[in-house]
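*Asks:* So the protein lines, in turn, are chains L and U.
This note's numbering applies: residue 111 is where the first sequence begins, and numbers increase by one.
This note's numbering applies: residue 1279 is where the second sequence begins, and numbers increase by one.
Read the hints as simulated data drawn from the structure, not as lab findings.
Be aware that a few hints might be false.
Among chain L residues calculated to face chain U with C-beta under 8 Å, some are [said to hold, decoys possible]:
1) Ala174
2) Asp184
3) Thr228
4) Leu233
5) Ala235
6) Asp240
7) Val245
8) Gly295
9) Leu322
10) Val326
11) Ala327
Restraint ranges, calculated between C-beta atoms of paired labels, are given here [to be verified]:
12) Ala154/L - Ser1468/U: 46 to 52 Å
13) Pro1356/U - Arg203/L: 22 to 28 Å
14) Trp1305/U - Asp170/L: 36 to 42 Å
15) Ala1469/U - Glu299/L: 28 to 34 Å
16) Thr1309/U - Ser222/L: 47 to 53 Å
17) Gly252/L - Phe1315/U: 19 to 25 Å
18) Asp297/L - Tyr1389/U: 19 to 25 Å
19) Ala147/L - Tyr1345/U: 29 to 35 Å
20) Arg1439/U - Ala182/L: 33 to 39 Å
21) Pro1356/U - Gly153/L: 34 to 40 Å
22) Ala1330/U - Gly143/L: 33 to 39 Å
Each residue gets a CB set at the ideal place from its N, CA and C atoms; glycine is no exception.
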Amino acid sequence: MGLDRLMPYAAGIALAAAGCHAGGGPPARLLDGRPAAHFHPVGAGVIASGRVLDLDGRADGCLAAADEADVASDAPAIERIGVDSQSLTFANRDGSVVYACDGGIDPAGERSAPWCRTVLGELDAGRLLDPRLDVICRDRRGRPLAYAFVDPVAGARWVGVRQNGYVELYEVLAGLPVRVATTRGVDLERDRATLEVTQYDAEGRELVRGELEAAVAG
Amino acid sequence: MRAFLAMAVAGFALSGVTGAQAYHRFWANCTADSPTFMTTMTRDAAQDYANAARYEGYQWGGGCWNYDDVDSYPNDPPQETGTHGEGGDCSGLTFKTWRESTDTWRDGRYYWRALRNVHGPYDAAAFRDGNGAPNHVVAKATAGVMDAFASGTHIGMIFVRSLYGGDQIVEAKCESCGTNIFYRTYRSDSAYGGVGRWGWTG
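Input sequences plus hints: build the corresponding full structure.
*Replies:* Dropping the structure here:
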């Protein structure tokens, strides 16, 4: 593993140690230490970093050998870095399966940072039938971290997830489902999570709002 | 005409009741009991546990069934956890049969009653990758009774190893096929890997 892969966590640990964000309001920084950008049309809106890259080895240590042959090495991948989470999303060669590498700490100690889980979901006409909830990872403070996919509605540019004291905004990119994360509403006893999700257009106008009740399945 | 309208209203009302029952009734029978910590876990007992779940149905994200050999709510829409029907899904059945904990770092043995509604934190891909302290990857050629074969989207446990290339697999397969023992060739299917549970005592 390259040192660059460790950087987000090293920075995150440093910030946590400095008591940077205790959940009392919008955080000032993202997981990798960069200043958090704010989206003013949404009150207390913090933008999770999102960019489209070539996969190019970024899923090493995440993608199972059985899946590697089915994914092009230069497949477009969406890298997202939020306040407490980090993920990589990409599709297989024929676009029938979407993968997510979910970042965090593996409580079983079997996988090393940045990735603690690989998730895959089958696409039906470009949409997932199930949000592919993952509740295995922990954040840098040891809290359960739930990851889930959200299918954006027509016209949506941002997917907002209610966190403790702020709304984390994920940009819709590359026509793929949006991998979001939260430490709020995670029920480990029932392997479920409830996420408050709102989708916005480019100007921040609310399109849909609702609770996403997701369960580990399949 | 008035009688027709009255019957139509009654018909709609009754059809609505049926729908609500189909989507919400079975999980009302399920429990949230704590599991029983066990010191033993034999492959024979695991066979018995999974065998008893046969005919009890399939529920996406589910893990609750009784022992009446009937799927109370078959043929729900696929990949809908909200239908709340009877049965486990593939990974839920494996989790309960393998007596696992909802904490992935615990590798002890936890007995879950059939009506305890629990799925566990692992989906098929997590099992395939050997995620969690109790689970590990095994060579397919040496996979034995109550080890499993898992792909990114499905997992089934080896009930009996067959002499003819395939295996008798106990699995929760789908809404229309339920939970049963089927002859499968997962062992030779490149999409599947071998998975095992640490800690068998016999």
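*Asks:* Does each hint hold? Answer for all of them.
*Replies:* Each hint, compared with the structure:
1. Ala174: 5 Å, holds
2. Asp184: Since the shortest Cβ distance to chain U is 21 Å, the answer is violated.
3. Thr228: 6 Å, holds
4. Leu233: Violated - the Cβ of Leu233/L stays beyond 8 Å from chain U, reaching only about 12 Å at its closest.
5. Ala235: 14 Å, violated
6. Asp240: Because about 5 Å separates Asp240/L from the closest Cβ in chain U, which is inside the 8 Å limit, the hint holds.
7. Val245: Constraint on Val245/L satisfied, holds at 5 Å.
8. Gly295: 15 Å, violated
9. Leu322: Nearest chain U Cβ about 12 Å off; hint violated.
10. Val326: 6 Å, holds
11. Ala327: Holds - the Cβ of Ala327/L comes within 8 Å of chain U, reaching about 3 Å at its closest.
12. Ala154/L - Ser1468/U: 46 to 52 Å: 49 Å, holds
13. Pro1356/U - Arg203/L: 22 to 28 Å: 24 Å, holds
14. Trp1305/U - Asp170/L: 36 to 42 Å: 41 Å, holds
15. Ala1469/U - Glu299/L: 28 to 34 Å: 32 Å, holds
16. Thr1309/U - Ser222/L: 47 to 53 Å: 38 Å, violated
17. Gly252/L - Phe1315/U: 19 to 25 Å: 24 Å, holds
18. Asp297/L - Tyr1389/U: 19 to 25 Å: At 22 Å between Cβs, range holds.
19. Ala147/L - Tyr1345/U: 29 to 35 Å: 56 Å, violated
20. Arg1439/U - Ala182/L: 33 to 39 Å: 37 Å, holds
21. Pro1356/U - Gly153/L: 34 to 40 Å: 39 Å, holds
22. Ala1330/U - Gly143/L: 33 to 39 Å: At 53 Å between Cβs, range violated.
Checked against the numbered hints above, the structure breaks hints 2, 4, 5, 8, 9, 16, 19 and 22 and satisfies the rest.
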